[in-house]
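Student: The residues making up each chain are set out below.
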Amino acid sequence: MTLEFAEAHFLDDGTTVTMTELVERSGLTPAELEGLVECGALAPAAGAARAWVFSLRCIVVARTARRLREELALDDSHSLAVVLRLTQRIDALEDELRGLRPRP
Amino acid sequence: MKYKDYYAVLGVPRDADAAAIKTAYRKLARKFHPDVSKEADAEERFKEVAEAYETLKDAEKRAAYDQLGQHAAGSDFRPPPDWGQSHGAGQFSFDDIDLADLFAGLSGRGGGGGARRGDRPIPGGDYEAAVHLTFEQAFEGAELELDLAAVEYDEQGNARRVPHRMRVRVPKGVTDGQKLRVPGKGGKGLRGGRDGDLYLDITVAAHPLFRVDGMDIHVDLPVAPWEAVLGSSVEIPTPAGRVTLKVPAGTRAGQKMRLGGRGMARPDGSKGDLYAQVEIVVPTSVDERQRKLYEQIRDATTFDPRAHLA
Numbered sequence: 001m002t003l004e005f006a007e008a009h010f011l012d013d014g015t016t017v018t019m020t021e022l023v024e025r026s027g028l029t030p031a032e033l034e035g036l037v038e039c040g041a042l043a044p045a046a047g048a049a050r051a052w053v054f055s056l057r058c059i060v061v062a063r064t065a066r067r068l069r070e071e072l073a074l075d076d077s078h079s080l081a082v083v084l085r086l087t088q089r090i091d092a093l094e095d096e097l098r099g100l101r102p103r104p
Numbered sequence: 001m002k003y004k005d006y007y008a009v010l011g012v013p014r015d016a017d018a019a020a021i022k023t024a025y026r027k028l029a030r031k032f033h034p035d036v037s038k039e040a041d042a043e044e045r046f047k048e049v050a051e052a053y054e055t056l057k058d059a060e061k062r063a064a065y066d067q068l069g070q071h072a073a074g075s076d077f078r079p080p081p082d083w084g085q086s087h088g089a090g091q092f093s094f095d096d097i098d099l100a101d102l103f104a105g106l107s108g109r110g111g112g113g114g115a116r117r118g119d120r121p122i123p124g125g126d127y128e129a130a131v132h133l134t135f136e137q138a139f140e141g142a143e144l145e146l147d148l149a150a151v152e153y154d155e156q157g158n159a160r161r162v163p164h165r166m167r168v169r170v171p172k173g174v175t176d177g178q179k180l181r182v183p184g185k186g187g188k189g190l191r192g193g194r195d196g197d198l199y200l201d202i203t204v205a206a207h208p209l210f211r212v213d214g215m216d217i218h219v220d221l222p223v224a225p226w227e228a229v230l231g232s233s234v235e236i237p238t239p240a241g242r243v244t245l246k247v248p249a250g251t252r253a254g255q256k257m258r259l260g261g262r263g264m265a266r267p268d269g270s271k272g273d274l275y276a277q278v279e280i281v282v283p284t285s286v287d288e289r290q291r292k293l294y295e296q297i298r299d300a301t302t303f304d305p306r307a308h309l310a
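So the protein sequences, as listed, match chains A and B.
Take 1 as the starting number for the first sequence in this note's numbering and just add one per residue.
Take 1 as the starting number for the second sequence in this note's numbering and just add one per residue.
Derived from the structure by calculation, the hints contain no laboratory data.
Bear in mind the structure is a predicted one, so any value in this text is a computation, not a measurement.
Check the hints yourself; a few may be wrong.
[Unchecked claim] The calculated SDA-like cross-link candidates involving lysine to any residue, where the alpha carbons are at most 25 angstroms apart (straight line), are:
#: 1; chain 1: B; residue 1: Lys172; chain 2: A; residue 2: Thr16
#: 2; chain 1: B; residue 1: Lys2; chain 2: B; residue 2: Ala24
#: 3; chain 1: B; residue 1: Lys179; chain 2: B; residue 2: Met215
#: 4; chain 1: B; residue 1: Lys188; chain 2: A; residue 2: Gln88
#: 5; chain 1: B; residue 1: Lys47; chain 2: A; residue 2: Val61
#: 6; chain 1: B; residue 1: Lys27; chain 2: A; residue 2: Glu71
#: 7; chain 1: B; residue 1: Lys47; chain 2: B; residue 2: Lys172
#: 8; chain 1: B; residue 1: Lys22; chain 2: A; residue 2: Arg66
#: 9; chain 1: B; residue 1: Lys31; chain 2: A; residue 2: Gln88
#: 10; chain 1: B; residue 1: Lys271; chain 2: B; residue 2: Gly177
Between the sequences and the hints, there should be enough to build the whole structure, so can you do that?
Tutor: Structure follows, in structure tokens:
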């Protein structure tokens, strides 16, 4: 097996993806993505509706949304958006908690 | 290949309709989803339940699964000889894939084998890998060797597990919980489709001295009472080496001293700061001479630290 070399990049390196690319990479439908933007779970980096561009960070958020949709068998965009916002809140609280824990 | 009884996992009869299967899955998902469940084996049970539902919710996959026949759960089995041809799944090696991989290649939402059987470009899938770093690796950057094994499908829908070994350079300034992207190192695209990416889920081990908050680093600075009162120069550790810090006279417990630019590196090249937080530490035992000196200070001062509580 040959050894490949690669560089890992931060997600906020300025690279953007179009709505079409985000649909393709996340597995969400355009309607589901629009629902996530409307509820504030996803924020376009630029562009007007249907011509949005997103930062790479949004791929991670959108893939999380798709995972939740599949895992919880969610049927509608509204439920998906609410669940995603709640998990984002949980993640933020866990980050805060990690910072408050005493060191070993 | 080990047989899994997906109907038994979901607790439904083999002739259950789609609605009953969905209801059964939702109930179990609520019970075992790792984000909400307190059950000890929640993650493993959830994976089991999700795998069963992934196959049974899709009519084509369910039909293909039913045609495998019924076997004892956990027993070794092989699909019937023409099973692969009947479901357009091509040839597969039983030795290096499991039951879930068998059905992932068939059609379903997200473009599986059905899409693969067409002639348009198919993008490769994105992979995820967990990476554990020490604090030092996160601060300085690191090169890591990753061994990945992913199931890949060719244009005929043949499934095989392909090992990849790669050496990945992780940039400095990575923090706990961050994700990094390795472009083009995910699944191979088919018919000119773009290759997928590899996402790294970063965990950084806690450090006994340093605490990271955003891009800033915090360290406790113990000082003796006389150092706080009289002022002093003290040496403290930083991730980049020891530095000398001036403790001004009259320093109070809890005060933070900022060392600019000694925190975590940002992608744009700038750096966060390091904060040394003062804690005043008293000796646990003193000899007779020291005791008398402390008593002299006590008797000579009118300082009252609890004046505001009166």
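Student: Could you tell me which of the numbered hints above are not met by this structure, giving the numbers in increasing order?
Tutor: The structure conflicts with hints 4 and 7, although it agrees with all the remaining ones.
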